[in-house]
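**Q** Given next are the chains, with one letter for each unit.
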Amino acid sequence: MNYLWSLVTDFGTQLRSLWMVFSHGFRKRDTLQYPEQKVNAPPRYRGRIVLTRDPDGNERCVACNLCAVACPVGCISLQKAESADGRWYPEFFRINFSRCIFCGMCEEACPTTAIQLTPDFELADYKRTSLVYEKEHLLISGPGKYPDYNFYHIAGMAISGKPKGSGQNEAPPIDTKSLLP
Amino acid sequence: MSPELTTILVTVAQGIVILLVAVLVAAYLSWVERRLLAWWQDRYGPNRVGPFGTMQLVADMLKMFFKEDWIPPFADKLTFILAPIVSMSAFMLAFAIIPITPNWFVADLNIGILYFFMLAGLAVYGVLFAGWSSVSKYALLGSLRSTAQSVSYEVFMGLSIMGVVAQAGSFNMIEIVNAQQNIWFIIPQFFGFITFFASGVAVTHRSPFDLPESEAELGAGYHTEYSGMKWGMFFVGEYVGILLVSGLLVTLFLGGWHGPLLPPFVWFMLKISFFIMLFILLRAALPRPRYDQLMSVGWKICLPLTLINLLLTGAIILWQQGGGA
Amino acid sequence: MEIAFYITAAITLYSAVRVVTDTQPVHALLYMVVSLLSIAMIFFIIGAPFAGALEVIVYAGAIMVLFVFVIMLLNLGPGTVKQERAWIEPRIWIGPAILAGGLLIVLSFALGHDNLHPISAVTIDAKQVGIALFGRYLLAVELASVLLLAALVAAWHLGRPTYKR
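Protein chains in written order, with the working numbering: chain A, 1 to 181; chain B, 1 to 325; chain C, 1 to 165.
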């Protein structure tokens, strides 16, 4: 008798799950129809890598090579050069996006917030060689996520027009030859 | 042209049209199934190729045609090639007995439903030899499962519709449909309906009884080694099987083309679509049982149920006839 | 209709011969399935569709499937084919050939006499088969069912759960 009752209830639960699944036909769709409906990726999404400029419009990158060292797949390569006013800048800056895994290590390593990952992920291309981005492809005209940060205003590095000790919150250099405090 | 020749030609043309349409519809079911599964999973499914994705089939066909049709070097070539053909054509041929309207059918056989059992029995060979000739352990395990499953479910599949046959007094499909003018057999033969439905799902290897091709443990089961059009034939064969079992359910239990107001063809199509939808809903909703559970449901629940059903049907028919005499 | 009969009969005979001579067991079984199917075809042709359908359902659809099932599980490799080939020597054929020849003589003798029933166009349907089975041959049916009952009991005995003492 117990067995027969369990048969009936088992059959009933099957019907119930059929009904529950069927009722899902009348619910809101979860799918985003991608090419027509754009994906609203969050601001910290790790997508296409850009090189930003400081608020004055100069390149932030000082070609310290930390991003290239931090990169686990070694997809970044760059060469340091120095401009007449003493600033360092990359002579070339190359990211191979067919190797890049978008881990964001370069962004974490960057001391000048120059290299940043953006929410743009539409990087697909027909040719592998066109996935190698040069500096002119990477460099954007704005400051990215850090609108006020300006490395040369804060750091103690001397460039023409900004001697040592004139950075923000920077004490003037100590004259080691003098005995006065 | 003599009138006999005209009749013969018309009949042959009807047969060809029905079978071609059956294959096309079966192939289209691949799209229908994906759309419906998506619909029940809060998705859209394939909706890109053509309006509402209706041209998805063409894309799939093109892909399948251009795929490499690989035969494993260790396989038994003849049986490897024959297996998908057997698997698809057995169900295709069985479709011939389903009467769509009073005038549209391929064959009006007096053994009717037995012809379906013949071909369902032969369809097992397709799977069996596919698994054996692949010389691969997953394929072999899949085909062994499928054989055991089909053989044990065909036992009570036959018994489950004997109640219908007894009530209609004939094996002939058209006479069975005509016997349902007043009451559809689903009401007096409810247990026959349930067991036939269960065994129909099992014989076509549809989820939840898709243990022969359960992806999780057997790769793809008996057609693991198949690719290209040979795989496509198994695939279409499965959908023809769904169509066939749905058609049989409609004819045997839901009164075939009978129904008020609408023309017979429309009624048949409505009913068959309902069952196709139900098949897909089963796949969407129910988990796959364990193999021993499958067997014990077959032998310990469905078989006794059909026997009791047959006994009661026989007793009632005899009682009614005795009351008349 | 006669042409159909002769073609089917030829297929039956050829496949029956191949069942014996094929050394690959699964291929032999395939031929056996074909031969059973063509016998069913002959039943259809001579007007016994019910018997033909049962032939396919029971023999080709169920019994042969179990044969194939067992052979597949035996995992016969190329070694067994070689062994088979070694076993089927000409002298093995002598005994069966003589016996079959005797049968052939009897058959041709019987065919030589004209009192054979012609192939009738009368169709024997399921009802007639049923009446014959449960009328004239009731005892045979009951005996067969007793045999099946014995098989059922034996199967239950073999498959029963092993209880702890």
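Hints listed in this document are in silico derivations from the structure and should not be mistaken for laboratory results. Please read all numbers here as calculations on a predicted model, not as lab measurements. Here a beta-carbon is modelled for each residue, glycine too, at the ideal position from N, C-alpha and C. Just so you know, not all the hints are guaranteed correct.
Said to hold, decoys possible - Listed below are several chain A residues computed to face chain B (Cβ distance under 7 Å; list not exhaustive): (1) Thr13; (2) Leu15; (3) Ser17; (4) Leu18; (5) Arg27; (6) Pro35; (7) Glu36; (8) Lys38; (9) Ser98.
As the list claims (entries may be wrong) - Which residues of chain C face chain B? A partial, calculated answer using Cβ under 10 Å: (10) Glu2; (11) Ile11; (12) Leu13; (13) Tyr14; (14) Ala16; (15) Thr23; (16) His27; (17) Val33; (18) Leu37; (19) Ile45; (20) Ala53; (21) Leu54; (22) Val56; (23) Ile71.
Unchecked claim - Derived PhoX-like pairs: lysine-lysine, alpha-carbon spacing no greater than 25 Å straight-line: (24) B:Lys137 to C:Lys82; (25) A:Lys38 to A:Lys28; (26) C:Lys82 to B:Lys77; (27) A:Lys38 to A:Lys162; (28) A:Lys127 to B:Lys63.
**Q** If you test the structure against every hint from before, which numbers come out violated?
**A** Of the numbered hints, 1, 2, 6, 7, 8, 9, 10, 11, 12, 13, 14, 15, 19 and 27 do not hold.
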